[in-house]
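Protein chains: 2
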Amino acid sequence: MAERITPREQDFSQWYLDIIQHAKLADQAPVRGCLVLRPNGYALWEVVQNELNQKFKETGHRNAYFPLFIPESFLNLEKDHVEGFAPQCAVVTHGGGKKLEEALIVRPTSETIINSMYSKWVKSYRDLPVLINQWANVCRWEMRTRPFLRTMEFLWQEGHTCHETEDDARKETLRMLDIYLSFLRDVFAIPVIPGRKTESEKFAGAEETFCVEAMMQDKKALQAATSHYFGQRFAKVFDIKFQDRNSQVQYVYQTSWGISWRILGALIMTHSDDQGLVLPPKAAPTQVVIVPILQKNKDNSAVLEVSQRLKDELSKQFSVILDDRIEHSPGYKFNEYELTGVPLRIEIGPRDLANNLCVLARRDGLKTQVLLDQVGAETGRQLDGLQKDLYAKAYDRLKSHTYVENDYSVFKEKIEAQGGFYQLHWCESRKCEDAVKEETKATIRCIPFAQIREAGRCIVCSSESKGRVVFAKNY
Amino acid sequence: MAERITPREQDFSQWYLDIIQHAKLADQAPVRGCLVLRPNGYALWEVVQNELNQKFKETGHRNAYFPLFIPESFLNLEKDHVEGFAPQCAVVTHGGGKKLEEALIVRPTSETIINSMYSKWVKSYRDLPVLINQWANVCRWEMRTRPFLRTMEFLWQEGHTCHETEDDARKETLRMLDIYLSFLRDVFAIPVIPGRKTESEKFAGAEETFCVEAMMQDKKALQAATSHYFGQRFAKVFDIKFQDRNSQVQYVYQTSWGISWRILGALIMTHSDDQGLVLPPKAAPTQVVIVPILQKNKDNSAVLEVSQRLKDELSKQFSVILDDRIEHSPGYKFNEYELTGVPLRIEIGPRDLANNLCVLARRDGLKTQVLLDQVGAETGRQLDGLQKDLYAKAYDRLKSHTYVENDYSVFKEKIEAQGGFYQLHWCESRKCEDAVKEETKATIRCIPFAQIREAGRCIVCSSESKGRVVFAKNY
Numbered sequence: 148m149a150e151r152i153t154p155r156e157q158d159f160s161q162w163y164l165d166i167i168q169h170a171k172l173a174d175q176a177p178v179r180g181c182l183v184l185r186p187n188g189y190a191l192w193e194v195v196q197n198e199l200n201q202k203f204k205e206t207g208h209r210n211a212y213f214p215l216f217i218p219e220s221f222l223n224l225e226k227d228h229v230e231g232f233a234p235q236c237a238v239v240t241h242g243g244g245k246k247l248e249e250a251l252i253v254r255p256t257s258e259t260i261i262n263s264m265y266s267k268w269v270k271s272y273r274d275l276p277v278l279i280n281q282w283a284n285v286c287r288w289e290m291r292t293r294p295f296l297r298t299m300e301f302l303w304q305e306g307h308t309c310h311e312t313e314d315d316a317r318k319e320t321l322r323m324l325d326i327y328l329s330f331l332r333d334v335f336a337i338p339v340i341p342g343r344k345t346e347s348e349k350f351a352g353a354e355e356t357f358c359v360e361a362m363m364q365d366k367k368a369l370q371a372a373t374s375h376y377f378g379q380r381f382a383k384v385f386d387i388k389f390q391d392r393n394s395q396v397q398y399v400y401q402t403s404w405g406i407s408w409r410i411l412g413a414l415i416m417t418h419s420d421d422q423g424l425v426l427p428p429k430a431a432p433t434q435v436v437i438v439p440i441l442q443k444n445k446d447n448s449a450v451l452e453v454s455q456r457l458k459d460e461l462s463k464q465f466s467v468i469l470d471d472r473i474e475h476s477p478g479y480k481f482n483e484y485e486l487t488g489v490p491l492r493i494e495i496g497p498r499d500l501a502n503n504l505c506v507l508a509r510r511d512g513l514k515t516q517v518l519l520d521q522v523g524a525e526t527g528r529q530l531d532g533l534q535k536d537l538y539a540k541a542y543d544r545l546k547s548h549t550y551v552e553n554d555y556s557v558f559k560e561k562i563e564a565q566g567g568f569y570q571l572h573w574c575e576s577r578k579c580e581d582a583v584k585e586e587t588k589a590t591i592r593c594i595p596f597a598q599i600r601e602a603g604r605c606i607v608c609s610s611e612s613k614g615r616v617v618f619a620k621n622y
Numbered sequence: 148m149a150e151r152i153t154p155r156e157q158d159f160s161q162w163y164l165d166i167i168q169h170a171k172l173a174d175q176a177p178v179r180g181c182l183v184l185r186p187n188g189y190a191l192w193e194v195v196q197n198e199l200n201q202k203f204k205e206t207g208h209r210n211a212y213f214p215l216f217i218p219e220s221f222l223n224l225e226k227d228h229v230e231g232f233a234p235q236c237a238v239v240t241h242g243g244g245k246k247l248e249e250a251l252i253v254r255p256t257s258e259t260i261i262n263s264m265y266s267k268w269v270k271s272y273r274d275l276p277v278l279i280n281q282w283a284n285v286c287r288w289e290m291r292t293r294p295f296l297r298t299m300e301f302l303w304q305e306g307h308t309c310h311e312t313e314d315d316a317r318k319e320t321l322r323m324l325d326i327y328l329s330f331l332r333d334v335f336a337i338p339v340i341p342g343r344k345t346e347s348e349k350f351a352g353a354e355e356t357f358c359v360e361a362m363m364q365d366k367k368a369l370q371a372a373t374s375h376y377f378g379q380r381f382a383k384v385f386d387i388k389f390q391d392r393n394s395q396v397q398y399v400y401q402t403s404w405g406i407s408w409r410i411l412g413a414l415i416m417t418h419s420d421d422q423g424l425v426l427p428p429k430a431a432p433t434q435v436v437i438v439p440i441l442q443k444n445k446d447n448s449a450v451l452e453v454s455q456r457l458k459d460e461l462s463k464q465f466s467v468i469l470d471d472r473i474e475h476s477p478g479y480k481f482n483e484y485e486l487t488g489v490p491l492r493i494e495i496g497p498r499d500l501a502n503n504l505c506v507l508a509r510r511d512g513l514k515t516q517v518l519l520d521q522v523g524a525e526t527g528r529q530l531d532g533l534q535k536d537l538y539a540k541a542y543d544r545l546k547s548h549t550y551v552e553n554d555y556s557v558f559k560e561k562i563e564a565q566g567g568f569y570q571l572h573w574c575e576s577r578k579c580e581d582a583v584k585e586e587t588k589a590t591i592r593c594i595p596f597a598q599i600r601e602a603g604r605c606i607v608c609s610s611e612s613k614g615r616v617v618f619a620k621n622y
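These protein sequences, in sequence, are chains A and B. Read in order, the letters of the first sequence correspond to residues 148 to 622 in my numbering. Read in order, the letters of the second sequence correspond to residues 148 to 622 in my numbering.
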């Protein structure tokens, strides 16, 4: 099967689709633009849910669930919001066999419906902060879809919070961005550049949007998560007021933040290779597979017994499977677990056993012979090593393909030839931002928090610039 | 606030709504028939998810996610299925600003969309069994809605499986029913009667439907979960075929099974009282609340210190909160945790402390003075005791309000006056089943697995009957 994966060099897009198919992560649904998340893919989503739920709860957030359907009139209340989302909506016009008086929108995001509830719940500063998250499906009509990255329906989480002060809300916006950043770094082994979106790229209805941007193996950018500061915009539209500590009535300050299943696309495109999916151990639903080297029509009991004992021992610390199927050859199995991205394979054959040895094979190719009584400790070391190495490789890619450039024509040539991230001076005008997009398809991914602050000239119009921003082509 | 809960005796329906409101479990959404599941309610749903996920995974099932939207034509493929569900559908007719060529149904249940995928995935007996579950929102247009019990959109899980043989599929159907039964019994402390549905009450498209039926405090029945055996019905419609062990092509045998957030309604109506929500300890997101008896403008440090130490100790085993807010009186707090159903309250005041004592107050009123160094062990005992007592009370209610009756007019009088479950002889005709429903609103809840098998006469038409079935009014 492995040879059916198109090599990255040949066709990166097809390689991505092949990985998804062969690792059985997802499948196309019979409804255009919709995806079926198969058990192997859903298991990755469960890792995201478990890890983030823990971080959300540690920081005082609670989960809730709001309705799928939003009255059409709600969406119209905030001008920028409706302009951003109306063209993407799926609309329910009939229910229970009758035409509805008011059409219902299938939520593209839940600011409006959630804020309509917050206006009922928030009365006093004692009710604040409101720190609520929801795991849900949302729907955005897309003309061109791509598994995980752009689908008509997708799974995500969306946090929506209310605060007493601007300062509290701004801190929350950045705290949640940081939770995404550390999750991506520590679990998914994906380094990202955190920063602020420009006016043209920010969320429809937000005052400010912050994001974390990752680089894929084809050197394109992928926005992995966003966090929005709303100020009092929605609070004023939905009348979310509270009596403050001085008995004055005030509007709340708000944030929202979300991460979707598109990060599974980021995970694939950051680490996988031409043999299949590559998963960092902390993101892997199955971390270790034990493959006993069995011989048909022979007595395999010694190898099986040791394998089972190893499984029992390792299962205390890691998530382990033992593949003792006799009908498939070891080679077949090796291939299968390479396709599905299991980080560490342990091989035990009769010859190894005679020497009290087994082989630990990391998914990235590194093989080690280990004494049987040291497998426990060595498994932890190998998994840690792989986790670190995958991050380092991705970090190195990001660093070595981020260029500081001052000449527009050089930039245009380079981005066309090799992709990458470009630190460019920009005059902060929409016009120059649009010009670059028009001519190169590159957009400003973010104004990085770690911005290169220096005087310079806009790469397009040569007006004054105070610092560089990051341009790239993106998913 | 407690006095604002309508007593059960006065108006059971209003009492139910009051509990939901005061315990902040849910709220009405601005879309008719939709519910907002607030954090206190969602925490209960997370208990359901965690407990069932564990049981599902132990029995080899994996989670996946299928699309929200189903092409209208799919629903029409199975005759009984479409007749059952078409009148309840919400229909998307427009997307991305355009009228769709084929309307999309918002899933009322996912048999059709999931089976369309299974027909792609299943080729050989080696692909079987397929054991997949999905946690999702579904939508059924309801004219009369009631929080949790009947809402237009609701959260549920739906398992969908394929098997090689009828025997395997039938075993799966009953295995999953048993998982629901033991979850309800052991975690939610709800005793249920398991059995089979009659032809008229079974799931649209199923060969057989099995269910577990609970009795609420008003003596009405509530169907808490169902498990369906489909035989090869959908397999033939969706062409789900496999090569069996003898190289013959066969259709798979299928099941589906589900539990929805209506069990939160069952939980409320089984245990709660006129003071608020009552939660069995194993179903409680917060099991213990420590309330130090604080005195304004005095030194509370000794009480607070012991409270914190207790919290740290108990948190190793239980989910505990410490309410050290100085601005609220102990009475206010007691009331709040009665409303929200925290199973055990620990009170620590300065006088108790002087005697090395504290008070453990169970949510059902039982109070015990305990030496501080025995709180750890005693907390476990009190929680276990409450869990058992709540089950026993519900079990006793079910038993003492289940009547064996032979006279139709006596039955009609009794069910009108006092509700309850009635073991009645029935001739197995739709006509007599409908007659009872027409005259009393009672339906056959199930043909219990533990049926009273004895010769008798149908309570309506006096034809021969071989055993009794359970009639009751139901939610």
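Treat the hints as calculated values from the structure; they're not laboratory data. Possibly wrong hints are sitting among the right ones.
Since the list can't tell identical chains apart, any single copy or any two copies may satisfy a pair.
No more than 25 Å apart at the CA atoms, straight line, and that leaves these computed lysine-lysine pairs for DSS-like [claimed, not checked]:
#	residue 1	residue 2
1	Lys270	Lys480
2	Lys480	Lys463
3	Lys388	Lys620
4	Lys445	Lys388
5	Lys226	Lys588
6	Lys202	Lys388
7	Lys458	Lys443
8	Lys202	Lys246
9	Lys514	Lys613
10	Lys445	Lys245
11	Lys620	Lys535
12	Lys584	Lys246
13	Lys366	Lys588
14	Lys429	Lys202
15	Lys546	Lys620
Consistency of the hints with the structure:
| no. | hint | verdict |
| --- | --- | --- |
| 1 | Lys270 to Lys480 | between (60 Å within a copy, 20 Å between copies) |
| 2 | Lys480 to Lys463 | within (24 Å within a copy, 42 Å between copies) |
| 3 | Lys388 to Lys620 | neither (42 Å within a copy, 45 Å between copies) |
| 4 | Lys445 to Lys388 | neither (77 Å within a copy, 35 Å between copies) |
| 5 | Lys226 to Lys588 | neither (28 Å within a copy, 51 Å between copies) |
| 6 | Lys202 to Lys388 | neither (29 Å within a copy, 44 Å between copies) |
| 7 | Lys458 to Lys443 | within (22 Å within a copy, 58 Å between copies) |
| 8 | Lys202 to Lys246 | neither (44 Å within a copy, 42 Å between copies) |
| 9 | Lys514 to Lys613 | neither (50 Å within a copy, 69 Å between copies) |
| 10 | Lys445 to Lys245 | neither (69 Å within a copy, 66 Å between copies) |
| 11 | Lys620 to Lys535 | neither (27 Å within a copy, 62 Å between copies) |
| 12 | Lys584 to Lys246 | neither (43 Å within a copy, 31 Å between copies) |
| 13 | Lys366 to Lys588 | within (14 Å within a copy, 67 Å between copies) |
| 14 | Lys429 to Lys202 | both (15 Å within a copy, 24 Å between copies) |
| 15 | Lys546 to Lys620 | within (16 Å within a copy, 69 Å between copies) |
Of the numbered hints stated above, those contradicted by the structure are hints 3, 4, 5, 6, 8, 9, 10, 11, 12, listed in ascending order.
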